[in-house]
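Given chain A's structure and the hints, the job is docking chain B onto it.
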Amino acid sequence: MRTICLYFQVHQPFRLKRYRFFDIGKDHFYYDDFSNRSILRKVAEKCYLPANQLMFDLIKAYGKQFKIAYSLSGIVIEQMEQYAPEVIESFKKLAKTGCVEFLGETYSHSLASLQNSNEFEEQVKLQTDLINKHFGQNPTVFRNTELIYSDNIGKRVADMGFKAMLTEGAKHVLGWRSPNFLYTNAIEPRLKILLKNFRMSDDIAFRFSDKNWNEWPLTAEKYVSWLNDSDEKDEVINLFMDYETFGEHQDKATGIFEFLRELPNRIFADSSFKFRTPGEVAENHQPISPIHVQYPISWADEERDLSAWLGNEMQDEAYSKIYQMGEKVLKTKNENLIKTWRSLQTSDHFYYMCTKWFSDGDVHIYFNPYDTPYEAFINYMNVVSDFEILVDNSFGNAKSVKKAASKPAAEKIKLKTEKTATKKVAKKETAAAKRKTGKLL
Amino acid sequence: MKILMFGWEFPPHISGGLGTACYGLTKGLVKNDTEILFVVPKAYGDEDTNAARFVNASDVETAGTQVELEKLWGNISFIQIDSNLVPYVDEKEFNLCAPIDKVEKREGIFRHKYSFTGKYGANLMEEVARYALVAATIAKNNTFDVIHAHDWLTYAAGIMAKRVSNKPLVVHVHATEFDRTGENVNPNVFNIEKQGMEQADKVITVSNLTRNTVISKYGIDPKKVVTVHNAVDFYGREEFEVKRSVNDKIITFLGRITYQKGPEYFIEAAYKVMERCDNVRFVMAGSGDMMKKMVRRVARLGMGTRFHFTGFLKGDEVQQMFALSDVYVMPSVSEPFGISPLEAMRSNIPVIISKQSGVSEVLKYAVKVDFWDVDAMADMMYGLVTYPSLSKFSVRNGQEEVNSLKWENAAMKIRKIYNLIANT
Numbered sequence: 001m002r003t004i005c006l007y008f009q010v011h012q013p014f015r016l017k018r019y020r021f022f023d024i025g026k027d028h029f030y031y032d033d034f035s036n037r038s039i040l041r042k043v044a045e046k047c048y049l050p051a052n053q054l055m056f057d058l059i060k061a062y063g064k065q066f067k068i069a070y071s072l073s074g075i076v077i078e079q080m081e082q083y084a085p086e087v088i089e090s091f092k093k094l095a096k097t098g099c100v101e102f103l104g105e106t107y108s109h110s111l112a113s114l115q116n117s118n119e120f121e122e123q124v125k126l127q128t129d130l131i132n133k134h135f136g137q138n139p140t141v142f143r144n145t146e147l148i149y150s151d152n153i154g155k156r157v158a159d160m161g162f163k164a165m166l167t168e169g170a171k172h173v174l175g176w177r178s179p180n181f182l183y184t185n186a187i188e189p190r191l192k193i194l195l196k197n198f199r200m201s202d203d204i205a206f207r208f209s210d211k212n213w214n215e216w217p218l219t220a221e222k223y224v225s226w227l228n229d230s231d232e233k234d235e236v237i238n239l240f241m242d243y244e245t246f247g248e249h250q251d252k253a254t255g256i257f258e259f260l261r262e263l264p265n266r267i268f269a270d271s272s273f274k275f276r277t278p279g280e281v282a283e284n285h286q287p288i289s290p291i292h293v294q295y296p297i298s299w300a301d302e303e304r305d306l307s308a309w310l311g312n313e314m315q316d317e318a319y320s321k322i323y324q325m326g327e328k329v330l331k332t333k334n335e336n337l338i339k340t341w342r343s344l345q346t347s348d349h350f351y352y353m354c355t356k357w358f359s360d361g362d363v364h365i366y367f368n369p370y371d372t373p374y375e376a377f378i379n380y381m382n383v384v385s386d387f388e389i390l391v392d393n394s395f396g397n398a399k400s401v402k403k404a405a406s407k408p409a410a411e412k413i414k415l416k417t418e419k420t421a422t423k424k425v426a427k428k429e430t431a432a433a434k435r436k437t438g439k440l441l
Numbered sequence: 001m002k003i004l005m006f007g008w009e010f011p012p013h014i015s016g017g018l019g020t021a022c023y024g025l026t027k028g029l030v031k032n033d034t035e036i037l038f039v040v041p042k043a044y045g046d047e048d049t050n051a052a053r054f055v056n057a058s059d060v061e062t063a064g065t066q067v068e069l070e071k072l073w074g075n076i077s078f079i080q081i082d083s084n085l086v087p088y089v090d091e092k093e094f095n096l097c098a099p100i101d102k103v104e105k106r107e108g109i110f111r112h113k114y115s116f117t118g119k120y121g122a123n124l125m126e127e128v129a130r131y132a133l134v135a136a137t138i139a140k141n142n143t144f145d146v147i148h149a150h151d152w153l154t155y156a157a158g159i160m161a162k163r164v165s166n167k168p169l170v171v172h173v174h175a176t177e178f179d180r181t182g183e184n185v186n187p188n189v190f191n192i193e194k195q196g197m198e199q200a201d202k203v204i205t206v207s208n209l210t211r212n213t214v215i216s217k218y219g220i221d222p223k224k225v226v227t228v229h230n231a232v233d234f235y236g237r238e239e240f241e242v243k244r245s246v247n248d249k250i251i252t253f254l255g256r257i258t259y260q261k262g263p264e265y266f267i268e269a270a271y272k273v274m275e276r277c278d279n280v281r282f283v284m285a286g287s288g289d290m291m292k293k294m295v296r297r298v299a300r301l302g303m304g305t306r307f308h309f310t311g312f313l314k315g316d317e318v319q320q321m322f323a324l325s326d327v328y329v330m331p332s333v334s335e336p337f338g339i340s341p342l343e344a345m346r347s348n349i350p351v352i353i354s355k356q357s358g359v360s361e362v363l364k365y366a367v368k369v370d371f372w373d374v375d376a377m378a379d380m381m382y383g384l385v386t387y388p389s390l391s392k393f394s395v396r397n398g399q400e401e402v403n404s405l406k407w408e409n410a411a412m413k414i415r416k417i418y419n420l421i422a423n424t
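From first to last, the protein sequence lines stand for chains A and B. All letters in the first sequence, in the order written, are residues 1 to 441 by the working numbering. All letters in the second sequence, in the order written, are residues 1 to 424 by the working numbering.
Only chain A is shown next, with the shape it has when bound in the complex (with noise of 0.2 Å):
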């Protein structure tokens, strides 16, 4: 029995404003609505409608053949609420042919999986109780931010109750093997771990469109003609990607509705392969062996590793920032900072940072509402100033006096500024009447 499991990532992040050092303590608010609403009609328009309304088309037409997955963040499905609910309505109606299962992760797409602290399974739940309240269904599997992925992280996806965890093929962790089997995590045997086979993938969702691909152009019945190719023995080709690659990274113009259309048709004609979503194939097939992965991966560019979001100076300050911060952030119990907070944490922030760019890399480009890394990186640390001025100040002053006594050291230095400081306020004022008088003359 041969399985094919289609599995489409939607999010889009809660992009941030221009925000410049001096809006810091006088400026609370940080999205830029604007390009947020515009870019989510835009891609709801070109891709979550139109694609939406073509699987659902697939399921009609082939009965419980066809059989999908997704995984929305909760950031996205915030922004389907505000700006296009419609979208939220075709994935309900989506939800309820019973041939489209719902993945869970985490609720601000975040790097928390790579912190020791409770937020992961914090976030996978606001995202699981999400996911039930908008499709009536229960996740019982798991795929993290970017398909990161490691022995630790399966362990602690296993604790929160999912059967199985998806995550990339990487071929230094593949090594001889194929991603075409069933795996299990090794250190919970219990949780089934489905690979990405990137090559066919990345076929639809990279190469679809080029031209100077010698395969170009890709037509369904070609690409069916791979499949029965694979291995004889192979038990699941696992095809993951961005649900944009429909309409957005691949545009209408260059056919791709029309492979997905015919795809389906193509498989039950010419192979012997079956859909099934990833619970099903975790149900189904008998996994071969663990897999072991000490280092975390992902799915992205071509090291397969988190390089992507961290490992820069700026990414790892950014980064190591917005966490220290946490303990105090749920401590305030402010609903709306530690909401705020979560969203800080989307990985599309430290994407913005990559330096990797520089040299590569259209990918990272894409929607990216940076020139460079530089003012990414400026940007969110102005951001975050400001928001940390936020959550002192819902401690009021209480918090200062007790910093003072824990730090006496910080205490005198601070004591010695204040009195320049002082001495400067007055200088500033004096100049800025000089600048009042100088602009009325």
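If you are wondering where the hints come from, they were derived from the structure by calculation, not from laboratory data. Keep in mind the model is a prediction, meaning the values are calculated, not measured.
Selected chain B positions facing chain A (Cβ under 10 Å, derived; list incomplete): (1) K272; (2) K368; (3) D379; (4) M380; (5) Y382; (6) G383; (7) Y387; (8) F393.
Just so you know, even glycine gets a beta-carbon here, dropped at the ideal spot from N, CA and C.
Chain B only, in chain A's frame:
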């Protein structure tokens, strides 16, 4: 291959980036199997003769008369020395500045020996013309394969040498009149530049930015214009350790205080930063025609106690200034290349450069802003002094990048251009 090269200055006697660039370039060319005969208006004798053989234009006797010159130059008007064409030099002043050394009559032909000051000054046009006259003689008395002229001061010389020798001419554009003056171009200079570029077989520009100017403002055929980015040579440079007297972060502007360098944008950005941070000081190092205006602006904004003017810095003082700085800013309105950010990066200082500079084309890791975008500039200044990883990252990568900019590579490109035009 032998090159007849016309320059205006050469280390150690330099007043700007042109001499430094010529030095690096000739050194690189020599490594690329090229022989160079370098002509400067006034050779002092202490130039580095490993890089090139020097001809002091002052020592060359010219064989020719004004009439001959006129015939050779055809319609190039500026060499007919009269007060109309050299508006800011009258004859008397000119005679005082650049006296004709010797005028002797021999065999019925006038032989002149001119003494050149080799400085930029009021009698510049005269010198340019005389330099051209000398160039013709040098071209006649030497053998070479290609003529290479650096910047407009030597274009006339290049054209003359080409006329006499029929060898191909390369003009090298280090800056254009538009960079120096904005839109208020001196038509005489513009004409000399245009003539030089038109007569040249190839035009080399120091950046794509300058290449665009050459194509769009001078109407030169794009096929003829090639960009060869400058490089930088730190050989033999001393490293400075300077003790700081203040704990504040120091953000520095270093360059001529002129329109081209955009000092006012630096001040406006500084003001924004200073309003929010009290641990930052600003330094404007250099001198220039906008200095007084800038001092007044700083006073008006009430920043005087934290904004410092140093005046013109020379030699080691420049390195010391870099060593004292935490951020270097080059907000140039128009900068054909701009070598000082490279020196700053080499001194481990993060730099902010304007997107309107040629050097931004070769520095991937420098922080770049539009010169007019004062908010962005201020934000970058703030970011670099506030968030340590930013400056760490840009310094580390900038250092690597700067070290990879080698004159040999630039010279190799130029050598290819020589080969191309010498064979056609």
